[in-house]
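Novice: Given the structure of chain A, go ahead and fit chain B with the ligand onto it with the hints provided.
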Amino acid sequence: MGMTISEKIISQHIGRTVKAGELVITPVDGVMATDTTGPLALKAFEAMGGKNVFDPQKCALIIDHAAPAPNERIANLHTMMRTFAKAQQMRLFEIGEGICHQVMVENAYVKPGDIFMGADSHTPTYGALGAFACGVGSTDLAAVMMTGQIWLKVPETIKITCTGKLQKGVTAKDLILYLVGEITISGATYQSIEFHGEAFRGMTLASRMTIANMTAEMGAKAGIVHPDGLELPYDFTPVLPDDEAHYIKEFRFDVSDLEPQISIPESPDNVENISPYEGRPIDYAFIGTCCNGRLEDLRIAADILKGKKVAEGVRLVIAPASQSTLLDAITDGSIQALVEAGASLITSGCGPCVGTHQGVPGDNEVVISAANRNFRGRMGNPQSSIYLAAPATVAASALEGKICNPKKYMD
Amino acid sequence: MIKGNTHVYGDNIDTDRIIPGKYTKTLDLSTLADHVLEDLDPSFRSKVKQGDILVAGKNFGCGSSREQAPLALKKAGVSVVVAEYFARIFFRNAINIGLPVIEIGNHSIRSGHNVQVDLSEGSVKDMTSGEVYEGQKIPQVMMDILAEGGMVNYLKKNKRYVL
Ligand code: SF4
Chain A
8 MGMTISEKII SQHIGRTVKA GELVITPVDG VMATDTTGPL ALKAFEAMGG KNVFDPQKCA
68 LIIDHAAPAP NERIANLHTM MRTFAKAQQM RLFEIGEGIC HQVMVENAYV KPGDIFMGAD
128 SHTPTYGALG AFACGVGSTD LAAVMMTGQI WLKVPETIKI TCTGKLQKGV TAKDLILYLV
188 GEITISGATY QSIEFHGEAF RGMTLASRMT IANMTAEMGA KAGIVHPDGL ELPYDFTPVL
248 PDDEAHYIKE FRFDVSDLEP QISIPESPDN VENISPYEGR PIDYAFIGTC CNGRLEDLRI
308 AADILKGKKV AEGVRLVIAP ASQSTLLDAI TDGSIQALVE AGASLITSGC GPCVGTHQGV
368 PGDNEVVISA ANRNFRGRMG NPQSSIYLAA PATVAASALE GKICNPKKYM D
Chain B
36 MIKGNTHVYG DNIDTDRIIP GKYTKTLDLS TLADHVLEDL DPSFRSKVKQ GDILVAGKNF
96 GCGSSREQAP LALKKAGVSV VVAEYFARIF FRNAINIGLP VIEIGNHSIR SGHNVQVDLS
156 EGSVKDMTSG EVYEGQKIPQ VMMDILAEGG MVNYLKKNKR YVL
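Chains A and B are the protein sequences, given in the same order.
Position 115, counted from 1, in the first sequence is what the numbering used here calls 122; the numbers after and before it change by one each time, with no gaps.
Position 147, counted from 1, in the second sequence is what the numbering used here calls 182; the numbers after and before it change by one each time, with no gaps.
If we strip away everything but chain A, and leave its shape as in the complex, we get (with noise of 0.2 Å):
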């Protein structure tokens, strides 16, 4: 019987047939914690008897959560991180460097085919190269940096194949909302995903990190964009699935018709076309994180934005995904399209995300915003309200100061 992308790189590694529902032991090809898993795991590391990471080059440590450190309890934390990076000479990515998926990413961290574990819930984002990714909490990661291993039971896989070509004005993100908003919050629970068909194949990277990432809003243990049509910087060889691989459910659908999509509070998945919330008011836009703060997603804005004004009585915040990625969008204009039409630009990392620190929302007010989850209390105040949508969606929204369509800007 055929393989799946998961079966046949959990497979590679351990150099057997592995078959969706088996206990393995695997090799993991990187690690990555954040500050908010890090500090945890590193005692855990310690408690467990670890003297040594597996490999320094695999393991990297990033400060991207609360960067830079907002108090001096979190200040703390950031040094253990440092001190515990240079003492086992490993790389630590600094405050400004970018957001963990990101520079993952960029630094080739991760790479096609590989096994990944990150101590966040949005290492699915790998899945964009083809990588096996998946978040695990701070205990499991400092085992990994111990051992280079982990336990894991091969997963079974959910096939989405998408057809057509999107409409002018709709994105990755769009569809990707869809897609969460059908397959449901836990609607992909223990299991894998695999996106094929036309509408993925022309996509950039940028565009399928977006897709891979918010595989996490549907449970799924590791999100996969099918290889076809991957462009990267170096050269690199797919895993590809068998033709007769088993699949546990399969979806299709035609998206040539799919128009801007929002996702209304307090969940993720609930999830709607755009027409019937038009026109609500907003108080704060905001472009950043790991799913929406790359270079297409600020070009697309600045595009919108340039040579006009946020609508008054609203605030943008733009946080860069990376420091690459500001500096691509310094040399682009992007940067002073957004900050002349008065977007307040924040450190690459997480900004107000998760509610630590930048940006935190007042009491009854309205966000849109880029990211990827809008759970009660997720940017820091559960009495605000958080839609999530399109980076477009969000630039035009905060030009109107109103919910809106961003098609009409977009041609």
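Certain hints may be false.
Stated by the list, open to error - Quick list of in silico lysine-lysine cross-link-like pairs, PhoX-like style, CA-CA up to 25 Å:
(1) B:K110 <-> A:K93
(2) A:K256 <-> A:K26
(3) A:K50 <-> B:K191
(4) B:K160 <-> B:K38
(5) B:K172 <-> A:K160
(6) B:K110 <-> B:K82
(7) A:K160 <-> A:K26
(8) B:K192 <-> A:K58
(9) A:K26 <-> B:K172
(10) B:K192 <-> A:K160
(11) A:K50 <-> B:K110
(12) A:K15 <-> A:K256
(13) B:K57 <-> A:K50
To be verified - Partial list, derived from the structure: chain B residues whose beta carbon lies under 8 Å from chain A:
(14) K60
(15) T61
(16) H70
(17) G86
(18) R123
(19) K172
(20) E183
(21) G185
Hints listed in this document are in silico derivations from the structure and should not be mistaken for laboratory results.
No residue lacks a Cβ here, since even glycine has one placed at the ideal position from N, Cα and C.
Specialist: Structure of chain B with the ligand alone, referenced to chain A:
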């Protein structure tokens, strides 16, 4: 065998509701416990007693990978979490820090019931209603990790995983 009094919540309780992101950046477990479930049920912290059992519906613990979520529950006194099913990272994290979890599918357990959990059998008995639920037995490797009180002690002892 674990026995305790229940606190019952619904489906899709996400990790932001178990412990908001703004409190997660700490190594002080009592801070976590002080804010456990605060955006879901602000009275939980004062109601929960050592040994109580948390019962939920589908997809408990969805959202972030923060291990602070099961840590907060454990530190607040929760002895075991029973759910229809869990989000996968929460499930692993809970076992890794030595908080037992069990999946039992559809159930009609209510708050204030007396419940008995048998992890090795994978069963849950609601002593108040008399109903018995045959749940999922967790894999042996997870039972072994739990038996050591969590992954730290497990690896300290074994140095590697054993399936
Ligand atoms: S940007 Fe948001 S979702 Fe992404 S890693 Fe940071 S906190 Fe998590």
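Novice: Does each hint fit the structure? Answer for all of them.
Specialist: Each hint, compared with the structure:
1. B:K110 <-> A:K93: Violated - the C-alpha atoms of A:K93 and B:K110 are around 32 Å apart, more than 25 Å.
2. A:K256 <-> A:K26: Judged against 25 Å, a Cα distance of about 16 Å means the pair holds.
3. A:K50 <-> B:K191: Distance of about 13 Å is within 25 Å: holds.
4. B:K160 <-> B:K38: 9 Å, holds
5. B:K172 <-> A:K160: The hint holds at about 15 Å.
6. B:K110 <-> B:K82: 14 Å, holds
7. A:K160 <-> A:K26: Between A:K160 and A:K26 the Cα gap is close to 10 Å, so the pair holds against 25 Å.
8. B:K192 <-> A:K58: Roughly 15 Å separates the two Cα atoms, so the pair holds.
9. A:K26 <-> B:K172: Holds - the C-alpha atoms of B:K172 and A:K26 are around 21 Å apart, at most 25 Å.
10. B:K192 <-> A:K160: 23 Å, holds
11. A:K50 <-> B:K110: 17 Å, holds
12. A:K15 <-> A:K256: 18 Å, holds
13. B:K57 <-> A:K50: 20 Å, holds
14. K60: OK, holds: B:K60 within 8 Å of chain A, min 5 Å.
15. T61: Status holds, d = 6 Å.
16. H70: Cβ of B:H70 sits 11 Å from chain A, so the hint is violated.
17. G86: 23 Å, violated
18. R123: 5 Å, holds
19. K172: 13 Å, violated
20. E183: 11 Å, violated
21. G185: 7 Å, holds
Of the numbered hints stated above, those contradicted by the structure are hints 1, 16, 17, 19, 20, listed in ascending order.
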